[in-house]
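Residue numbers for the sequence shown follow my numbering, so the first one is 1 and each next one is one higher.
Hints were generated in silico from the structure; no laboratory data involved. Just so you know, even glycine gets a beta-carbon here, dropped at the ideal spot from N, CA and C. Incorrect hints may have been included.
Said to hold, decoys possible - What follows is a set of in silico ranges between Cβ atoms, one per label pair, in the way DEER data are often shown:
#1 Leu242 with Gly62: 28 to 38 Å
#2 Tyr96 with Glu315: 51 to 61 Å
#3 Lys66 with His91: 21 to 31 Å
#4 Leu242 with Leu109: 54 to 64 Å
#5 Pro284 with Lys66: 15 to 25 Å
#6 Gln332 with Arg234: 41 to 51 Å
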Amino acid sequence: MFRRMSQFSIFGATVALLVCTHAQAMGPFQVYEQALRNDPVFLGAIKERDAGLENRIIGRAGLLPKLNYSYNKGRNNSQATVPDGRGGTSHDDRNYDSYGSTFTLQQPLIDYEAYASYRKGVAQALFADENFRGKSQELLVRVLTYYTQALFAQDQIEIAQAKKKAFEQQFQQNEHMFRQGEGTRTDILEAESRYELATAEEIEARDEQDAALRELGALIGVPTVDIRELDPLRERFESFTLSPANYDAWHELAISNNPNLASQRQAVEVARYEIERNRAGHLPRLSAYATSRRVESESGNTYNQRYDTNTIGIEISMPLYAGGGVSAATRQASRTMEQAEYELDSQTRTTLIELRRQFSACLSGVSKLRAYQKALTSAEALVVSTKQSILGGERVNLDALNAEQQLYTTRRDLAQARYDYLMAWTKLHYYAGTLREDDLARVDEAFRPGS
């Protein structure tokens with residue numbers, strides 16, 4: 001079993017090497033540039049923003065003059081009965097055309113509902129703008145998230161393969177010693193068990209990688225991405241300097257710049273002006289109007305007569321009773337605003353909790369990287385030392401397996417810590433509302449092949 005697996009592994013590695021030489025690698029920033037043109041979530045957000053911005057114009061329209069034109073033309077067939085002067089009546093049949101033409105210009109002078117609708121439209125437009133800003137920053141986070149997930153899964157695959165190779169060698173060595181009468185059946189079973197566990201870990205890592213690569217593919221408009229197309233993380237990269245360096249400054253940035261909080265504040269304003277719009281149902285409206293009307297043969301009394309009439313005036317309307325609907329709508333809008341305020345409080349707490357978590361992760365991440373690097377060096381030395389001790393009879397087979405397991409676990413934890421640090425730095429800026437393309441470009445430098 002182990003021999004066949006080795007042959008397949010060598011063949012697969014050879015094919016991968018040949019194909020890889022022709023693959024065009026790309027980093028997170030290149031993926032992001034393609035996602036700007038292909039990610040359906042982001043493209044949908046653009047249309048959502050554009051639609052929301054129209055609310056400003058829609059609301060303003062209620063404050064501007066309205067000009068209307070109407071025209072009517074009809075064919076009339078009437079019979080007029082008139083006294084004939086001799087005590088009787090006579091009938092006059094009339095068949096004639098009539099028409100009317102009217103221009104009407106109306107300008108609101110006092111209309112609180114129109115004003116509230118305008119302010120609501122402004123708030124809706126600002127909400128759309130802030131919401132889009134949030135989704136733009138979210139795209140940066142999604143790109144890096146799926147990118148690092150795919151690479152970490154690849155690291156896990158390679159670690160699992162290395163474990164399998166090491167446990168296979170241990171198995172063969174134990175089997176040889178058993179045949180020579182120097183080993184035990186237990187040693188063989190232990191190595192075989194570790195090998196199978198590593199195989200299961202590799203399968204799980206491949207499944208996770210497949211999901212991450214498909215998520216990346218969805219971002220750039222393809223079914224999936226080949227892992228060989230992604231730039232790997234450098235073995236060594238410089239940690240980033242936090243600016244500002246204290247949490248209180250980041251706290252203030254998040255309160256003033258986080259787009260999700262800003263959009264939720266605008267949602268509160270939208271609800272506030274919806275209350276005012278409904279409350280205006282109790283208030284009078286005053287408007288000025290001007291009309292120009294031309295009619296001909298409009299009725300039997302104006303048969304064969306044409307009138308040109310120009311009118312200027314003001315109109316006032318005062319609602320008296322609407323069945324309680326205005327008051328109910330106002331109360332409903334008030335409850336909606338209170339809901340929006342609670343949602344703002346919840347969003348603020350969640351954002352600040354995540355901000356603190358990512359800030360702490362950035363600070364501790366540098367120390368964790370140093371610690372894991374030292375632990376890896378120690379684990380590598382432990383493997384060598386344990387194997388020598390086994391030859392000297394001071395250690396047993398299980399000690400070697402445990403040392404190998406510790407080595408690969410440390411490698412995995414180091415890889416995870418590196419990706420976690422980059423994600424924490426990125427998410428810190430995201431929750432602070434300051435994440436920009438330049439920040440992803442800076443992170444991208446850690447993935448370019450090189451030193």
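We went through each hint and held it up to the structure:
1. Leu242 with Gly62: 28 to 38 Å: Because 49 Å falls outside the window, the suggested range is violated.
2. Tyr96 with Glu315: 51 to 61 Å: violated, 33 Å
3. Lys66 with His91: 21 to 31 Å: violated, 46 Å
4. Leu242 with Leu109: 54 to 64 Å: holds, 57 Å
5. Pro284 with Lys66: 15 to 25 Å: Given about 19 Å between the Cβ atoms, the range holds.
6. Gln332 with Arg234: 41 to 51 Å: violated, 58 Å
Violated hints for the displayed structure, listed by number in ascending order: 1, 2, 3, 6.
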